[in-house]
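Trainee: What follows is the residue order along each chain.
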Amino acid sequence: MSTFPPPDPLLAAEDLGKRYGRRDALNAVNFQISPGRVVGLLGRNGAGKTTLLNLASGILLPTTGKCVTLGVGAADLGTPQLSRLGVVQQEGSCLEWMTVRQHLDFVASFYPTWDAGLEKRLLSELELDPARKIAQLSTGDRQKALLLFALGHRPSLLLLDEPMSALDPIARERLLKIFLDLLRDEGTTVVISSHILTDVEKIVDWIICLDGGLLVEDASFDTLQESFGEWILTSSEGRLPSAFPESFVLSCKGGGSQVRLQVRTGDPEAAQRVAAQYGAEVTTRRISLDEMFPLLLRSRKAATPAARL
Amino acid sequence: MNRKFRIFLSVFRPVRTVCLLAFYGAWFPWSIVNTARAMHFVPHLAMSAEYFLICAVIGPMISGFILAAPFHDAMHASLFPLIPGAARRLANWHALCAAEYAILCAFVLRLLDSEIPFPAVFGCALLGLSLGAANVHDRRPKAIGRTRILLGVCLLAACGAIRVGDHFRAAVIAAPAVFFVVPAAVGVFLFGLGYSRSRARARGRNPYLSIVTLIYCPSALRCRHTQKIRQLMQEGKADKTSSDNYAVSIDGSLRSWLAAHHRITMIGRKRSGGSMQLWSFFVGVGYPLLGAALFGLVLNRTFGVAGFWRQLARIIAQVAPAGGSSSDEFMGEACVFIPLISVLAFVFAGLIPTYPAIRFPVSRRRLASLVYVSSIRQFSTVILWYLAGTLSVTALAAELSGSRVIPPLLSYAYVALILLPVVPLLKTFNLIIRGPLSFIPIVLIAVLVALVGIINQSAWQPWVLSAGGIGGSLSVLAATLLLYWKIVRWRCCSGDLAFAPGLLVR
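Quick mapping for you: the protein sequence lines, in order, are chains Y and W. For the working numbering, add 1247 to where a residue sits in the first sequence, where the first one is 1. For the working numbering, add 4 to where a residue sits in the second sequence, where the first one is 1.
None of these hints come from the bench; they were simulated from the model. Note that the coordinates shown come from a computational prediction; the quantities given were computed from them, not determined experimentally. Note that CB positions come from ideal geometry on N, CA and C, so glycine has one too. Be aware that a few hints might be false.
To be verified - Using 20 Å as the maximum straight-line C-alpha spacing, the simulated SDA-like pairs for lysine to any residue come out as follows:
#1 Lys-8/W with Lys-1449/Y
#2 Lys-1500/Y with Lys-1449/Y
#3 Lys-1380/Y with Ala-1355/Y
#4 Lys-1380/Y with Ala-263/W
#5 Lys-8/W with Thr-1531/Y
#6 Lys-1380/Y with His-171/W
#7 Lys-1449/Y with Ala-1355/Y
Said to hold, decoys possible - With the Cβ distance kept under 7 Å, some of the chain Y side facing chain W (calculated, not the full set):
#8 Gly-1485
#9 Leu-1497
#10 Cys-1499
What the hints assert, rightly or not - Ranges of calculated distance between the beta carbons of each label pair, as one might list FRET restraints:
#11 Ile-380/W with Pro-1377/Y: 39 to 45 Å
#12 Arg-1532/Y with Arg-259/W: 43 to 49 Å
#13 Pro-123/W with Arg-1348/Y: 41 to 47 Å
#14 Arg-1368/Y with Pro-123/W: 17 to 23 Å
#15 Gly-1502/Y with Arg-369/W: 53 to 59 Å
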């Protein structure tokens, strides 16, 4: 049986760093994103998500290391690569004086693969009036327009920086459906940065998490879902402690007869072992990405020497 | 209509472009005529050399910066560098426009001067037109340094060309191939530089809109302000509180509200408050100094280096005897029109609307006071510093030339006071009318200034300096200020603030 070599990554960072004045926005970040993957880029405000996406799209140039997008350094992105790239910028500016229709025609004229059918569908599903001027659009409608400009040519790599922050729940739901269709039909690779994690977890299969410009997590969502969990320990004797010394326990609430532990461990037997150790019964459940996010940052801090002290 | 051509038109906003052309159409011939008049006073410069310099050097250089504005407006949108091939296509369009313009210049000059070779004029004109293409409009200190160098080189080249105008023309006739190939090659290089990948990227990062766009498109101004805050925050030059009021403590007095408003307008930069004052001061000082530089480069062979400063002072102070040399006359006129242009510039600056602190817990009545007082304070500061600059130069010139007479230049500085009522009127107009009609005030100003300029100075100068003139001007000013206050109060107290034209609520 022959084995195929892994496909070349569509986006890769090698010791990537970006400095604004004296402040490090990104520091020694390394990752690779394979084709077809849907990556959730998570992080708190100022963690470096927008900077990373701007580096990937060639808007910014790295201070150290390199960022390779669609096989070339981001500084060298030319027409062939840009034709395969779709970008939605946070608060991106367009040609404000144009109507949505004019702007669509303008953008479409540069892409040989522009899909007029998809454009029509997006206009209809996102309920965007093509006769309105960009400058007169509300924040949400402006975001929809930016999504249209980024999706119309069916890109291979889609970089989305807070694409849904201003959309209403109905528009978000429709947009997620469009994303899922694109992923199913085209195998588009998506990197999405968003704080609306309930939406993100519906489509992502990989998580990259940044904190203070450092990469703190780069793992598949399935792996994370398997390793993170919540255990509810119940003891009829009521002698459960309020703190647990095990390193994989990230938080502990309660004490006495019942405690809730949030843990990170790859050991499937760990829950039973801990329950047996304390003479308790255990119920486990998976946690959502919303619940997981603070634990991702906490587990990184717990791993640093300063935190151990 | 061809689809591609329709798209091309939409990039350049046909309506705006027509307005732009109407505006510059009025001013451009005026500036060309004055340039011609200025060169007419350059000693020993033949008429044919004047034509050559205007059509092949100075005219294209000025036009190049105007022509580049709509192209650069499009390129400074953050979306632009991400569109594949867009920069290249825009470069092609820009180059095509420039080439057509250069052909027109060469054709016109050919009609005026049959000796001059067509290709050489084309090459020189193309070079002049390409200078504007290379400008990145980056306002960071490092980039400003480069822009200054570029402008300095242009100015020196233009002055040098004027100084040796006859020889320059003769050289062009003698070696037309050289004057076609070399300038055209440099021009193409500058076009390539202006539209290169790195510059396209830099433009996308740098929110810029030409002054004309700012006037016509308030929403674009709002967008630019937001982008500027983000950019400054990224660079560590402004903090998050720049867009809100909590950076300063507000004790309820109008003074503290004004401080908060000022902080928002200046995007949290500590020293920005002084930049407008410095700008207006240097408008007053800078133009006479620029005149001095040109004077030195172009005309000093009349007086020699030793007598240059004394002669310049005499000319500025207008104490040169009547019937003096033609160069005296020219410099005197330059000193008349330059303050007029400066006043015009500050009136335009007055069109940039203020940002009311609408997010503050502020009552509508207090908001009206805030908008009104901040506008008046801004304009008063500009005028006072402008007058300070002009008066400094005039006083120094009078002192150097030993004159004790009030220089007539002062009366031209006083033009600022005559035009002052225009500012509250414009602000009033902007509060009432929105949309495409907002360009009307610009036309009104242009007409007014043209009228002031056209009427012979001897007709209005004595009146301006008389008690009746001063009283009349101040009365008109007071009336317009009162009108402005009434409209501001009406708009703030009874209007829909979210859509108030001229208020630019964020």
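Trainee: Please go over all the hints and tell whether each is borne out by the structure.
Mentor: Evaluated hints:
Proximity of Lys-8/W to Lys-1449/Y is assessed by CA-CA distance (about 41 Å); at most 20 Å being required, the pair is judged violated. At roughly 28 Å between alpha-carbon atoms, Lys-1500/Y and Lys-1449/Y are farther apart than 20 Å, so this suggested pair is violated. For the hint linking Lys-1380/Y to Ala-1355/Y, the alpha-carbon distance of about 17 Å falls within 20 Å, and the restraint holds. Straight-line distance between C-alpha atoms of Lys-1380/Y and Ala-263/W comes to about 35 Å, which puts the hinted pair past the 20 Å bound.
Our distance criterion of 20 Å between C-alpha atoms is broken by Lys-8/W and Thr-1531/Y, whose separation comes to about 62 Å. Restraint check: the Cα-Cα separation between Lys-1380/Y and His-171/W comes to about 54 Å, which exceeds 20 Å; the hinted pair is violated. For the given pair, Lys-1449/Y sits about 30 Å from Ala-1355/Y by alpha-carbon distance, which is inconsistent with the 20 Å threshold. The closest approach between the C-beta of Gly-1485/Y and any C-beta of chain W is roughly 48 Å, which is over the 7 Å cut-off, so the hint fails.
Contact between Leu-1497/Y and chain W, as hinted, is not supported at the beta carbon level, the nearest pair being about 30 Å apart and thus beyond 7 Å. Checking Cys-1499/Y against chain W: minimum C-beta separation of about 34 Å lies over 7 Å; hint violated. For the hinted restraint 39 to 45 Å between Ile-380/W and Pro-1377/Y, the CB-CB distance of approximately 43 Å keeps it satisfied. For Arg-1532/Y and Arg-259/W, the Cβ-Cβ distance of about 59 Å falls outside the hinted range of 43 to 49 Å, so the restraint is violated.
Distance hint check: the CB atoms of Pro-123/W and Arg-1348/Y are about 43 Å apart, consistent with the given range 41 to 47 Å. Look at Arg-1368/Y against Pro-123/W: about 54 Å separates their beta carbons, and that is not inside 17 to 23 Å. For Gly-1502/Y and Arg-369/W, the Cβ-Cβ distance of about 58 Å falls inside the hinted range of 53 to 59 Å, so the restraint holds.
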